[in-house]
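K.L.:
All chains should be modelled from the sequences, with the hints used to inform the complete structure.
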Amino acid sequence: MSKLLTVSPSPHIYGKDTTPNLMYGVIIALIPAILASILYFGWGAVIVISVAVISSVLFEFLIQRFLLQKKTTIQDGSAVITGLLLSLCLPSNFPVWLIILGSLFAIGVGKLSFGGLGNNPFNPALVGRVFLFISFPAKMASWPEAQGFQTQYIDASTGATPLSIIKEGLGKGDSISHLMDKIPTYQQLFFGNMGGSIGEVAAVALILGLAYMLLRKIITWHIPVSIILTVVIFTGILWFVNPEKNADPLFHILTGGILLGAIFMATDYVTSPMTGKGMIIYGICIGILTVVIRRFGSYPEGVQFAILIMNGFVPLINYYIKPKRFGEEVKNG
Amino acid sequence: MSKMLKTFRKGGIHPAEYKLTDKSPVEILPLPEKVTILLSQHMGVPAIPVVSKGDTVKVGQLIAQGRGFVSASIHSSVSGKVVKIDSIPDLTGYKKPAIVIEVEGDEWEENIIQSTDLRKDITFSKDEILEKIRESGIVGLGGAAFPSHVKLILPQGKKAKALIINGVECEPYLTSDHRLMLEYGEEMMVGIRILMRVLNVRKAMIGIENNKADAVCHLKDIASKFHGIEVYPLEVKYPQGGEKQLIKALTGREVPSRKLPVDVGVIVHNVSTAYAVYEAVQKNKPLINRIITVSGKSLKKPSNFVVRIGTPIRFLIEAAGGLPENTGKVISGGLMMGKALNSLDVPVIKGMSGILVLPEDETKRKSIEPCIRCSKCVTVCPMGLEPYLLMLLTQNWDFYRLEKEMVLDCIECGSCSYICPANRPLLDFIRLGKTDVKKIIRER
Numbered sequence: 001m002s003k004l005l006t007v008s009p010s011p012h013i014y015g016k017d018t019t020p021n022l023m024y025g026v027i028i029a030l031i032p033a034i035l036a037s038i039l040y041f042g043w044g045a046v047i048v049i050s051v052a053v054i055s056s057v058l059f060e061f062l063i064q065r066f067l068l069q070k071k072t073t074i075q076d077g078s079a080v081i082t083g084l085l086l087s088l089c090l091p092s093n094f095p096v097w098l099i100i101l102g103s104l105f106a107i108g109v110g111k112l113s114f115g116g117l118g119n120n121p122f123n124p125a126l127v128g129r130v131f132l133f134i135s136f137p138a139k140m141a142s143w144p145e146a147q148g149f150q151t152q153y154i155d156a157s158t159g160a161t162p163l164s165i166i167k168e169g170l171g172k173g174d175s176i177s178h179l180m181d182k183i184p185t186y187q188q189l190f191f192g193n194m195g196g197s198i199g200e201v202a203a204v205a206l207i208l209g210l211a212y213m214l215l216r217k218i219i220t221w222h223i224p225v226s227i228i229l230t231v232v233i234f235t236g237i238l239w240f241v242n243p244e245k246n247a248d249p250l251f252h253i254l255t256g257g258i259l260l261g262a263i264f265m266a267t268d269y270v271t272s273p274m275t276g277k278g279m280i281i282y283g284i285c286i287g288i289l290t291v292v293i294r295r296f297g298s299y300p301e302g303v304q305f306a307i308l309i310m311n312g313f314v315p316l317i318n319y320y321i322k323p324k325r326f327g328e329e330v331k332n333g
Numbered sequence: 334m335s336k337m338l339k340t341f342r343k344g345g346i347h348p349a350e351y352k353l354t355d356k357s358p359v360e361i362l363p364l365p366e367k368v369t370i371l372l373s374q375h376m377g378v379p380a381i382p383v384v385s386k387g388d389t390v391k392v393g394q395l396i397a398q399g400r401g402f403v404s405a406s407i408h409s410s411v412s413g414k415v416v417k418i419d420s421i422p423d424l425t426g427y428k429k430p431a432i433v434i435e436v437e438g439d440e441w442e443e444n445i446i447q448s449t450d451l452r453k454d455i456t457f458s459k460d461e462i463l464e465k466i467r468e469s470g471i472v473g474l475g476g477a478a479f480p481s482h483v484k485l486i487l488p489q490g491k492k493a494k495a496l497i498i499n500g501v502e503c504e505p506y507l508t509s510d511h512r513l514m515l516e517y518g519e520e521m522m523v524g525i526r527i528l529m530r531v532l533n534v535r536k537a538m539i540g541i542e543n544n545k546a547d548a549v550c551h552l553k554d555i556a557s558k559f560h561g562i563e564v565y566p567l568e569v570k571y572p573q574g575g576e577k578q579l580i581k582a583l584t585g586r587e588v589p590s591r592k593l594p595v596d597v598g599v600i601v602h603n604v605s606t607a608y609a610v611y612e613a614v615q616k617n618k619p620l621i622n623r624i625i626t627v628s629g630k631s632l633k634k635p636s637n638f639v640v641r642i643g644t645p646i647r648f649l650i651e652a653a654g655g656l657p658e659n660t661g662k663v664i665s666g667g668l669m670m671g672k673a674l675n676s677l678d679v680p681v682i683k684g685m686s687g688i689l690v691l692p693e694d695e696t697k698r699k700s701i702e703p704c705i706r707c708s709k710c711v712t713v714c715p716m717g718l719e720p721y722l723l724m725l726l727t728q729n730w731d732f733y734r735l736e737k738e739m740v741l742d743c744i745e746c747g748s749c750s751y752i753c754p755a756n757r758p759l760l761d762f763i764r765l766g767k768t769d770v771k772k773i774i775r776e777r
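Residue numbers (the working numbering), protein chains in the order written: chain A, 1 to 333; chain B, 334 to 777.
Keep in mind that the hints are not guaranteed to be accurate.
Just so you have them, the derived chain B footprint on chain A, three or more residues with Cβ under 8 Å [to be verified]:
#1 4-15
#2 26-32
#3 116-123
Interface residues of chain B toward chain A, partial, derived using beta-carbon atoms under 8 Å [as the list claims (entries may be wrong)]:
#4 A477
#5 A478
#6 L668
#7 M669
#8 G671
#9 E702
#10 R706
#11 S708
#12 V711
#13 M716
#14 D742
#15 R764
#16 L765
What the hints contain is simulated information worked out from the structure, not anything from laboratory work.
Don't be surprised by glycine CBs; every beta carbon is placed ideally from N, CA and C.
P.N.:
And the structure:
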């Protein structure tokens, strides 16, 4: 035989999952939320989402190509996800130049300055969002209301989010039962009929995305379930102790960014723990921090900070929390 | 299936099965012109030749004597003349001592019973059986090729409660054990009874993955005639054929790190080994041939063959329709754990369960991408290890931590490399790390 055989160590067969496949899977899971946002916020949502995605991909390309002078990785889909997630937690009347600035910060500082995909300790989209939130608080405090497809963009009519209504009301000494009249019904909350960022309002669309990712085994149940359960239990205890000062658990789950955060932000591969046990600890801590910030902090919403804080603890969690080794349980048997 | 099938709990993957030959009856391959019998076909010390160049040998004649405790004797698989005792490249490509015999006729040793009648009655004592197994050069035929008699002599103070028979065959393509269970089921059962007598156990459990439903049915039928043998269908999941995984699936017990199956009261043998034990004890036939699956999607005639030990691989592939033009890789063993061969001239050895031919487009690895920390390798690892971390620690030469992270527990099943979406060569690095950690432990 003239031709040489290939010799390589086993295994000789590989699975079908690739990095781009998984990333595009996440993008598919985000489609319901994107559609819902367009349905509720109209052209504003279209502008914010497309500007964020295009500028994120462009910045990744430009920085890798010209500043770092190495192979560009825009085809793996991770920059698209960063752009999408950033846009989904912005208001639909957000100015274009700020979206571009936020994308630059997310991709440039949040991701590439640490060495690109796989090396960033913090979720890039949240880095971008918190940067905008802290630098331009006024722009991030006016939330257009979800009132069906609208053609206005910057001049969309705005109002407070349910969470900020509660926060301000409680601050003034109002009781929950009184404040609840001012916010939409649970059914409206579930389908997204409230003020808020473009991606967080429609709970049903986010849950569809979760179901898809679980079915395709892109993520496991550990992080979303532990965050949501923790929030339910913690707010449930507060509500049980004093229902006049604390909103009920269902209200907390359906408002603000908990579902978006628990399903799409906290589950980011790179910035979450590597073991099931670690993921649960991480999820519980995010849940507790979120409720603490919401209830006792000065911001109405705390998911973004909770996730970023816990991102910082992930290396520690990975160091100490080990999977159950085979043979461990019978050591004393 | 209405009821839940048994399986192991931690990790595991589901590679495509490609059991192309599960309906192909075992064919007896004609004799080659020449056989090359390696002297080290088992784990442990190589055997020492007891024949010299020019000697005439018969089928079944001892040609190399095992020396030391962990070793196995080697017998001639053909009759003819010893033409060479020399070093030839083995499966790894390194030169190893071997005996080359030119085939003349097919003359067997007189004491070997060649009739195919079932000999069910076991008349030998425990020690007689053990001696026969040792003399017959039987090694674990599932792939590891550990000398079988060593596994049957229990360490001081240890007692086995059950014998586990491995009929899992979880590797893609391979069907040699499957066909053996279907076609030589009763002989295998007698072999299991013999092993039970040696080990002095009352219970034997045969574990078979449920993609071999016909074998499960057939063995369940005949098991009623053999006292104490039970057949368990298992959920299909790789690497269930791993000793520790199979014990977990069948008994629910986990063999602790760096311990042996006997520490949880069981001994595991492969179905083919049980059959070889039957032949050795009941028919005085040493291990001179075995069933090998020759398969691959590009092969004209994928088959199961009974092959004499020492037959060149080329001869098997010719019988299966010849080597296809587009072949890129030839593997001894399975797709997940098999060894890629660099030549078709290497001979069949005792532990070889299959020869797989892969086309060129399936042989190239994809480019390595950065780790995205998706934790899939941690999820699939059947030993509860963290492959991504072991690779990183090996790259950093952090052998102290590698040992602490239990790198030596790795069974090299390859599930991590299989699942990795970034095509990272996890197992390659873990093997490197294991070798270095073992070296450090030896020096201590």
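K.L.:
Using the nearest Cβ pair, does R706 (chain B) come within less than 8 Å of chain A?
P.N.:
5 Å, holds
K.L.:
Minimum Cβ distance from M669 (chain B) to chain A below 8 Å?
P.N.:
5 Å, holds
K.L.:
Can R764 (chain B) be said to touch chain A, with a Cβ gap under 8 Å?
P.N.:
7 Å, holds
K.L.:
When the nearest CB of chain A is found for E702 (chain B), is that gap smaller than 8 Å?
P.N.:
Because about 5 Å separates E702 (chain B) from the closest Cβ in chain A, which is inside the 8 Å limit, the hint holds.
K.L.:
Can you take a look at whether the segment 4-15 of chain A is actually covered by chain B? Rule is 3+ residues, C-beta closer than 8 Å.
P.N.:
holds (count 12)
K.L.:
Is the interface hint satisfied for A477 (chain B)? The criterion is a beta-carbon contact with chain A at less than 8 Å.
P.N.:
Status violated, d = 14 Å.
K.L.:
Identify whether the interface hint at S708 (chain B) stands, where standing means a beta carbon of chain A within less than 8 Å of its own.
P.N.:
With Cβ-Cβ at 4 Å, under 8 Å, it holds.
K.L.:
With chain A as the partner, please determine if L668 (chain B) meets the hint condition of a C-beta pair closer than 8 Å.
P.N.:
Holds. Min distance 4 Å.
K.L.:
So, L765 (chain B) near chain A? Judge it on the closest CB pair being under 8 Å.
P.N.:
Violated: closest Cβ of chain A sits about 10 Å from L765 (chain B), beyond 8 Å.
K.L.:
Under 8 Å, Cβ to Cβ, is where G671 (chain B) needs to be relative to chain A, so tell me if that hint holds or is violated.
P.N.:
Constraint on G671 (chain B) satisfied, holds at 6 Å.
K.L.:
Taking a Cβ-to-Cβ distance below 8 Å as contact, does the segment 116-123 of chain A have at least three residues touching chain B?
P.N.:
holds (count 4)
K.L.:
Could you check if V711 (chain B) really has its C-beta closer than 8 Å to a C-beta on chain A?
P.N.:
Holds: closest Cβ of chain A sits about 5 Å from V711 (chain B), inside 8 Å.
Going through the hint list in order, the structure does not satisfy hints 2, 4, 5 and 16.
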